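Kindly generate the complete structure, drawing on both the sequences and the hints.
For reference, the chains in residue letters:
Number of protein chains: 2
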Amino acid sequence: MPVGLGPLPVLHPVPGFRLGIASAGIKRAGRKDIVVMEVAEGASIAGVFTLNAFCAAPVTLCREHIQHAPRYLLVNTGNANAGTGKPGMQAAFQTCEALAQLTQVQAQQVLPFSTGVIGELLPATKVIAALPAALDNLDANHWAQAAEGIMTTDTLPKGASRQVDLDGQTITITGISKGAGMIKPNMATMLGYIATDAKVAQPVLQALLREAADLSFNRITIDGDTSTNDCCMLVATGQAAMTEISTTDNADYQQLASAIKSIMLELAQAIVRDGEGATKFVTIQVNGGGNRDECLDVGYAVAHSPLIKTALFASDPNWGRILAAVGRAGVPDLDVERIDVYLDDVCITRNGGRAEEYVEEQGARIMAQEEITICIDLARGDFQETLWTTDLSHEYVRINAEYRT
Amino acid sequence: MPVGLGPLPVLHPVPGFRLGIASAGIKRAGRKDIVVMEVAEGASIAGVFTLNAFCAAPVTLCREHIQHAPRYLLVNTGNANAGTGKPGMQAAFQTCEALAQLTQVQAQQVLPFSTGVIGELLPATKVIAALPAALDNLDANHWAQAAEGIMTTDTLPKGASRQVDLDGQTITITGISKGAGMIKPNMATMLGYIATDAKVAQPVLQALLREAADLSFNRITIDGDTSTNDCCMLVATGQAAMTEISTTDNADYQQLASAIKSIMLELAQAIVRDGEGATKFVTIQVNGGGNRDECLDVGYAVAHSPLIKTALFASDPNWGRILAAVGRAGVPDLDVERIDVYLDDVCITRNGGRAEEYVEEQGARIMAQEEITICIDLARGDFQETLWTTDLSHEYVRINAEYRT
Numbered sequence: 114m115p116v117g118l119g120p121l122p123v124l125h126p127v128p129g130f131r132l133g134i135a136s137a138g139i140k141r142a143g144r145k146d147i148v149v150m151e152v153a154e155g156a157s158i159a160g161v162f163t164l165n166a167f168c169a170a171p172v173t174l175c176r177e178h179i180q181h182a183p184r185y186l187l188v189n190t191g192n193a194n195a196g197t198g199k200p201g202m203q204a205a206f207q208t209c210e211a212l213a214q215l216t217q218v219q220a221q222q223v224l225p226f227s228t229g230v231i232g233e234l235l236p237a238t239k240v241i242a243a244l245p246a247a248l249d250n251l252d253a254n255h256w257a258q259a260a261e262g263i264m265t266t267d268t269l270p271k272g273a274s275r276q277v278d279l280d281g282q283t284i285t286i287t288g289i290s291k292g293a294g295m296i297k298p299n300m301a302t303m304l305g306y307i308a309t310d311a312k313v314a315q316p317v318l319q320a321l322l323r324e325a326a327d328l329s330f331n332r333i334t335i336d337g338d339t340s341t342n343d344c345c346m347l348v349a350t351g352q353a354a355m356t357e358i359s360t361t362d363n364a365d366y367q368q369l370a371s372a373i374k375s376i377m378l379e380l381a382q383a384i385v386r387d388g389e390g391a392t393k394f395v396t397i398q399v400n401g402g403g404n405r406d407e408c409l410d411v412g413y414a415v416a417h418s419p420l421i422k423t424a425l426f427a428s429d430p431n432w433g434r435i436l437a438a439v440g441r442a443g444v445p446d447l448d449v450e451r452i453d454v455y456l457d458d459v460c461i462t463r464n465g466g467r468a469e470e471y472v473e474e475q476g477a478r479i480m481a482q483e484e485i486t487i488c489i490d491l492a493r494g495d496f497q498e499t500l501w502t503t504d505l506s507h508e509y510v511r512i513n514a515e516y517r518t
Numbered sequence: 114m115p116v117g118l119g120p121l122p123v124l125h126p127v128p129g130f131r132l133g134i135a136s137a138g139i140k141r142a143g144r145k146d147i148v149v150m151e152v153a154e155g156a157s158i159a160g161v162f163t164l165n166a167f168c169a170a171p172v173t174l175c176r177e178h179i180q181h182a183p184r185y186l187l188v189n190t191g192n193a194n195a196g197t198g199k200p201g202m203q204a205a206f207q208t209c210e211a212l213a214q215l216t217q218v219q220a221q222q223v224l225p226f227s228t229g230v231i232g233e234l235l236p237a238t239k240v241i242a243a244l245p246a247a248l249d250n251l252d253a254n255h256w257a258q259a260a261e262g263i264m265t266t267d268t269l270p271k272g273a274s275r276q277v278d279l280d281g282q283t284i285t286i287t288g289i290s291k292g293a294g295m296i297k298p299n300m301a302t303m304l305g306y307i308a309t310d311a312k313v314a315q316p317v318l319q320a321l322l323r324e325a326a327d328l329s330f331n332r333i334t335i336d337g338d339t340s341t342n343d344c345c346m347l348v349a350t351g352q353a354a355m356t357e358i359s360t361t362d363n364a365d366y367q368q369l370a371s372a373i374k375s376i377m378l379e380l381a382q383a384i385v386r387d388g389e390g391a392t393k394f395v396t397i398q399v400n401g402g403g404n405r406d407e408c409l410d411v412g413y414a415v416a417h418s419p420l421i422k423t424a425l426f427a428s429d430p431n432w433g434r435i436l437a438a439v440g441r442a443g444v445p446d447l448d449v450e451r452i453d454v455y456l457d458d459v460c461i462t463r464n465g466g467r468a469e470e471y472v473e474e475q476g477a478r479i480m481a482q483e484e485i486t487i488c489i490d491l492a493r494g495d496f497q498e499t500l501w502t503t504d505l506s507h508e509y510v511r512i513n514a515e516y517r518t
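In the order they appear, the protein sequences are chains X and Y. Going by my numbering, the letters in the first sequence line up with residues 114 to 518, in that order. Going by my numbering, the letters in the second sequence line up with residues 114 to 518, in that order.
The set of hints was computed from the structure by calculation and includes no laboratory data. If you're wondering where the values come from, they're calculated on a predicted model, not measured in any experiment. Please note that the accuracy of each hint is not assured.
It does not matter which identical chain is meant; a pair holds if it fits inside one copy or across any two.
Stated by the list, open to error - Straight-line C-alpha distance at most 25 Å; calculated SDA-like pairs for lysine to any residue:
1) K145 / P126
2) K199 / Q475
3) K140 / S428
Structural data, given as structure tokens:
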């Protein structure tokens, strides 16, 4: 059951960006498992990709093709085309070639994306057979259908949309994402697509995407397992009648960046809310770090601790497990006697021990909530990082024990 | 249900080492929760302790007291006395003082150990009240009772014993251990006690313990959560009529070291076999590493992956999840096209992709076993490391969600 994730909001169409959905029957007959996205000529495209050394064939191809003025994004679910060696690369390229022929562009102008089971060869002929239907279906209003088309173990589609005034124009930013397990993105998560009709130079767009990913997709974790297929793409179609944004030091950039960051955070958090077996949405904030890395080390030690995650599932304010995770995070010369821990606004640990005024009922009240913030103050410096994660429930074990059956 | 862990073997008494058990009613009335161990005068004692920065009060005291010719070890279960600040230190010291008074030694000659719930103050008066009964119970034949006395969520007591001929004498080595959750020891695991009547100089004993811990307790993981209370103690009472071992480069040392390593490995593996919710005993061997750390990084990435652990629970040979974990382990410039993966003797991945001759039935047959070896060859060098771990089952979630209820 997703935590605090409702039906899709209105997803405004983005001029210069159309989406088409079709069924290739990759894993189940009739399932809408193919999404084609068409990008207007002259658009800027930025991408961030998984850092997993075993990245999937489409990720490798995508990294190459993004240099060649991409016009189409081709996504399939049901098969990750990862761990498939040379045949996997050939299959991915064949699907790009086929879409390129149908649309009269170069194969290098097609970006492939796959998600699903690892280690099975992509059935390229099935994908190719579904391409004409996907192209027929292209429509700027098909964001919601595409959000469903990219789902795997997700229980709900995920999307976000904003409109901002920029340079006298109303600019739209719309995005979708998917993911529910194997989630500890390291660059981005499989899969996020965000498009805007703003005009943005590619290097600026790439820098913006990287920064926004570091504040959103790169700050969520469900199970600590970085996927082989993570990709997040940001498209600026440039269809709006505005001056191109070519530097980061102007007001238009700031406004656009702020809206894009907000959308990406919403999309990233939606993945956590729909995390496999999630019954809690947990914000972990680490304050007072001596540097960024130690804040993240502490945050992830807490976020990945199976003992903390099971305590969250049980709504048990077992603060000892939080201290134990902070203590093993590898922070050099950590002075445990300065550490404070809060559950929402309740101080449970002060100076490394149970806070004097704390009574268990206060902790129990917070832990019973669906949304909880664990705030840890290291009192060593001014750095601060925030992560989002879930609990560890019976349902997580069931989903992942039964995934291939 | 423990995996391949039977009843305790015969635990030979060690001359110069006696054990007494009593009930202090710390968590439950009547439970045998106090173990006192008496060490003959002149013994050598070595210890390794948790690296968790939030180490428990008794660990801090123990590190100090071990310098002062310890005569008694005092263990309680039901309360970890961790995260308890100055009052916790005082409570731990009070129990040492009380035992010292009863036995006419210095308080600094008592080593305290605690295991149980974190964050609750140790009820020192209850512990102290039980000390006379524990002392009355001291007996060289009480190893099995002590193995039960130190249990927490363990389902079975854990012990091992060997006799070797050394310098014309029959030397005994006997040890016990406990632990089932919050297990990723980083120095040792809470708790291991090994005693021998061999005569060994303290610096040699300490070096031996460190080396043996690195091959045993420091190579097991159940949930990746390093405890605040891990301790492993090695006592050489020196009661045997033999020449003291004062260097590592002689045959007696080698023989003793080999027996002690073998006992510690058995005790460490017993902890994994009795891991919380364990249905599998899994050996992870990483070969061909460029150095020790990258072997361990890969091994722990696999051992801690919730996706691999749930696949193990489900007996699903989902090798894609193994590749994904290897790929995210952070090994620099990893050439994934050289990596082979075996399940026992079945090659499932060759050169980074599914092995051509592999059929799923082979993998399924291995995964159905209770004991499984996952062997990963990185083909980058000559380093090799082995770890032991368990699967992630519904039972793990249940035990840890309900721990404090």
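How the hints compare with the structure:
1. In this assembly of identical chains, the alpha carbons of K145 and P126 lie at most 25 Å apart only when taken from the same copy (20 Å versus 69 Å across copies).
2. Taking identical chains as interchangeable, the C-alpha atoms of K199 and Q475 lie at most 25 Å apart only when they sit on different chains, with a minimum of 24 Å there against 57 Å within one chain.
3. Taking CA atoms no more than 25 Å apart as the test, K140 paired with S428 passes between copies only; the shortest distance there is 22 Å, against 37 Å inside one copy.
Of the numbered hints listed earlier, not one is contradicted by the structure.
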